Each structure stands twice: as structure tokens, then as C-alpha cells.
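Visitor: Below, each chain spelled out in residue letters.
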Amino acid sequence: MKKVYARPAYCMNCHLCEVNCIVAHSRSRDLFRAYKRENLRGTARLIVEERLPLSVAVQCRHCDDPRCVAGCISGAMVKDPETGIVYCQEDKCVGCWTCVVGCPFGAIRPGEKNGRPVPLKCDLCREAEGPACVAGCPNRALVFEERRAGA
Amino acid sequence: MPTLSLMPPEFSVVRDDNKCIKCLACVRQCGFDAQKYDAEDDRLYAIDANCVNCQRCVSICPAGALTIYKNPPPMRPNAHWTEGHLRNIVKQAETGGVLLTGMGNDQPFPTYFDRLLLNASQVTNPSIDPLREPMELRTYLGSRAEPVSREESKDKTSTPLVPIETPIMFSAMSYGSISHEAFESLARAAKAFGTLFNTGEGGLPEDLYEYADHAVVQVASGRFGVHAGYLNAGRVIEIKIGQGAKPGIGGHLPGEKITAPVAATRMIPEGTDALSPAPHHDIYSIEDLKQLIFTLKEATRYQKPVSVKISAVHNVAAIASGIARAGADIIAIDGFRGGTGAAPTMIRDHVGIPIELAIAAVDQRLREEGIRNRVSLVAAGGFRSSADVVKAIALGADAVYIATAALIALGCHLCQKCYTGKCSWGIATQDPYRSRRLNPEIGAERLYNLLRGWSHEIKEMLGGMGINSIESLRGNRLHLRGVGLNEVELKLLGVKHAGEGM
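Heads up: the protein sequence lines correspond to chains A and B, in order. The first sequence runs 0 to 150 under numbering that gives the first Met the number 0. The second sequence runs 0 to 501 under numbering that gives the first Met the number 0.
No wet-lab data here; the hints were simulated from the structure. Computed from a predicted model, the values in this text were never measured in an experiment. One or more of the hints may lead you astray.
BS3-like mimics (lysine-lysine), calculated; alpha carbons at most 30 angstroms apart, straight line [to be verified]:
| hint | chain 1 | residue 1 | chain 2 | residue 2 |
| --- | --- | --- | --- | --- |
| 1 | A | K35 | B | K421 |
| 2 | A | K35 | B | K21 |
| 3 | A | K112 | B | K21 |
Derived contacts from chain B toward chain A, CB cut-off under 8 angstroms, selection only [claimed, not checked]:
| hint | residue |
| --- | --- |
| 4 | Q28 |
| 5 | A62 |
| 6 | R114 |
Beta carbons: idealized from backbone N, C-alpha and C, even for Gly.
With the rest of the complex left out, here is chain A:
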């Protein structure tokens, strides 16, 4: 399946992938409303890890055998059998954070939306046309492509 791959050689630590992610997952899909009214700061579903001069955006790998799905006690976390996207059915989540503990990449963080627990994890913008982080990366440090296993 197509996944987002980071190219650390070109990541310039601007964190605009996080900004684009937040806007893409906001109700308004508007930069100013997302930050100024919806208060979504810090809710990006990917995280730029820094050890300067290197930086790299870390996000869900949509594993073949995802531990977050296996460990989910409420059945909220699922892997779409057609697209391979691992995502959370937010209305079923009970906030036990087993998914957070289980993820070997640290790509899931606990979050909250409208008073309900929400795991903050990449869903490859499955309701939009391709990942917003890739589209908005000013230096093409993120690419959305299919790679052979082990590549």
C-alpha cells in the first residue's frame, strides 16, 4: 500500500506538516479557525522528532499486523481490509490507551475531542485526497508512495 515516507535529508524542521495535519483534521479545514477557534494546537497526528541538525516526521506505519489493533479492548482501532489504513472509530474509543503503549514507533498519542478520548494517529487523511502533510511539505521531505516490502 502507499504510505508516507520521510526523507530526513530534506526535512528542514519547519513543522509545517504538523500544521497541515491539524488543519486537515479540523472541523473547519481552515488554518485560522483551526488554531484560533477550535484550539487544535498540539493535536497533530504526526510528530517531528528533532536531534538537530537532523529532524524527521514520525507517523503511523500502518503495519501489516498492527499491535494497536490487536491490543484495542473496545474494537475501536481497525485496519481497513481494502485500503490497509489503520484508523480509530472515535465513537467506540474508551481511552484505555493500550494502542499508545503498544505502538512500537511511538506514533500514537493520547488526545481529546469534544470531551471524548481520541488517539492522535495518522489516518492518511483517508477522507480526503491524499495526506495533507505530504501535500504541504515545502521541501518534499515527505513522499506518499508504494515501496516494496523491505525496501
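The hints should help you fit chain B onto chain A, whose structure is shown.
Guide: This is chain B only, laid out in the frame that chain A set:
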């Protein structure tokens, strides 16, 4: 002892708090520490004194919340004591040093390209539509000394001509003065478009030898990175005598920029200053230059044309004549608007002559002496558009070198702080945190687009003149007319005034 600084900030950074989303991209991207975030107060503020107006923060801000304004002159306006002079005096009073700067001459000297106009066909001879008719932009660089003959050439010292698909090449910018990413962008674009890039005096990084067939490999006085493999890998060898921004001045790359890969490419120890003196220590006459030219030709078995690059200076026509007679195949002339990574400000702004006058004078002199066919002329120094290119070719150049325009295409905003090595755009820096901001894939695309756009425009202008090949325009000054130029200027340029007929 620290004293009161009399230097007020040159720029003001203004943030629109209604728009700012505090994503801190500006803080992370400013190479000069002009943006700060106070986590305790959750407040962003600008340190105006550090801002160089490189516009990186403005471009990266997703909210469009930033604007940079030029501050008014620090003292009462005075036509004689301009702001530039005041700032320079204050700076020198505080440092006691030579004023340094980057990029080309920014003083308001006349730009003759702006006083020259191009011809267009009307009724008596037809113009050509480049969308429907073939239009030839390929030109050949090198010596055309041999007369056309069916017999095989007996001259074993002639070198092959080098074709370029557009009369525009990337001028010398060394690895070290610019980042590997910027250097690679130039190499990739040159290869993709079928033109040449110039390694500058810093050698060719090993991982870029795949682009060497599109490289003009430079031999400067420091001889950095010069070895047999390097000479034989390149397409053209260029001996650098002078540079437009600093005629008569050598090069100096500070030790901080000599990182391990730069040191390996230059073949010097890491962290040492790379000094290339103003004179070549083996060239004190045209005869000495001839020796070097033929040494290089011998080293490459007469397979590489040799170019000699000089600054446009007062006696440039006679100098060029000597260079042609010394056996050079190409003469590159760099005008006083030529760029640089670092130069003494006073030299940059006050030494040299405009490229328009230099190229006209050299072409004229070589024609008069009957040796114009022995060399190709390459004009360099501040080419801003395809129209400048066309005018330079009509004045007598075979092709032009562009560098500042290429850097602008890569993101450069002419902040003139290349010499600090802090380039926020990842161009004139060796800092890995900054240089990774320039993805060579994107850079090469942007440069390719620039060449493509200019080449299209050149075809349109040629078509308008009723010419279908760039080589037919070379030195064809009847296609130029001067506006607002005096008699001496018109005579030197070899053009008639607007309104005069053929």
C-alpha cells in the same frame, strides 16, 4: 570595552498577531536569530537588529503574518551622505575592519541593457513564428580556427567545439561557497537542459562526477581540487583570472565553511581558510598564460577547450586579444555587476566596467584583428532576463553565464550576507541544518524552468527579428538601437541611436 553602538536596525519585522498561529516556523527557519519565542509568556518577538531581510520567515509563514519593512535612514536625509555611507562609517568606526559584502554591485550605475532596444521585422522582411517554424538556439563554444576543409585537420592542437542547447550557462559558484544541495541543483539542471554549469574554484565533489560532462571545471590561483581526473572529467577547462565582483582581488573561503566534504573536494585540511591569491603565481605575462593553457590542453590530450575568465576592466579589449593569441578557445568576461559570495564592499561597488561596453569592445577589437573566429566570447555579470541575453549576443557574445539569476531561482533574496555562511535559504552555507532546506530535486526543476522560460522568450525575440538561429544574431548590432546614450557610448557599443535607419 563595549561601547554604545550607533547602528540602528536596518529592518523592522512586523507580526500581525491576528494572523499568527504561533507555529514557530519563523523561529526555526531564521538563520540570523531575528525571531524568538518566549515559552514562559507564550510570546513571539523579533530582534530587528539581527534581521537581514532575507524573507525566509515571510515565505515560510503559513499564516502570512509577517512583513519586513525597511527602516527610515538613521539620520536626516542627505543626498551626499547617503544612508549607505553613514552605515558603513558607523560599522567601521565600531569594528576597524574592511567592509565585506555578498552578491553583485547594487549601486545605481547605468545599466546599458536598459538603454538598448531590439529590432523587429515588419513588412519588408518577414518575422518568424517560433511555434510553427524551427528555431535554433544551439550554439557551439570553442575555437573555430581551422578553415572548412574536406581534408582531415593537420592541426593537432585544436580542441573540439562544445555544443550547448541554449546560449545560457551557469556561472562559477564553488562548492564551499555554496552548499552541496545548491551545487547539485545547478549540475542536474545543466545536464537536463543540455547546457553547462561551472564548478568554480572549489573542485567537483566525487558524488557529482556523473554530471561532469556538463561541467566547466575551473582552475583558479588556489588550484583547489585540481587533479588529472578532474580536468579530464569536465567538458571545458576554465582558468579563472578575475571575477566581476572583485577584479584584482583573490578569493577567501573562511575555515568555518571548510567542512570535511569541502576539504576533501578542495584537497586541503578541514577547517583551514582556503585562500586563492589574486595573481596566479605562475602567470605574470601572456606568455605565462599560454604555458598554462597548453599545459592544461596537454594534460587532457587536446580534448577539452580551455576558457580564460577575466573581469571587465579598463583595457579589456587588448587583454582579450592577448588571451586569444595565447591559445584560449573561450574568453569569459565578467562585468562589474557580477556576483560573489564575499568581497570588500568598496571593490565590488567601484572597480570594473559594465559588461555591455566590455563585450562590445572586445568583439570589435577581435574582429578588427581578424581573430574573432579563434575564440568564443562568454558574457557574465548581472544578467536579469532573456532580453539582456539577446542584447549581449547582439553586442558580440556567443553565450552568457548566469549566476545571481540562478540563485534567485533557487530562493535567494539578495540579502547580501553570503559571507556570514548563515544563509537561511540553504544556498550559501555549509551548515547541515540550513543546507538541507534546498532539495536539489526542487532546485533543479526551478532552474530548468528558468532556462526553459528564457529560451522560449529568446526564440520569440529572434523570430520577431526575422532570425531563426542564435548564431546569426552574434555581433549583429544593427538589431540594436540606443536610447538616451551619448555619442561616445553609442560609438563604444557600436550601435546607432533609435530613429536612425539601417
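Visitor: Decide, hint by hint, whether the structure agrees.
Guide: Consistency of the hints with the structure:
Proximity of K35/A to K421/B is assessed by CA-CA distance (about 33 angstroms); at most 30 angstroms being required, the pair is judged violated. Between K35/A and K21/B the CA atoms are separated by roughly 10 angstroms; this keeps the pair inside 30 angstroms, and the hint holds. Under the criterion of a C-alpha separation no larger than 30 angstroms, the hint pairing K112/A with K21/B is consistent with the structure, at around 21 angstroms. Evaluation of the Q28/B hint against chain A yields a held restraint, the C-beta minimum of about 6 angstroms falling below 8 angstroms.
Checking A62/B against chain A: minimum C-beta separation of about 6 angstroms stays under 8 angstroms; hint holds. Annotation: interface hint on R114/B violated; nearest CB of chain A at approximately 40 angstroms, more than 8 angstroms.
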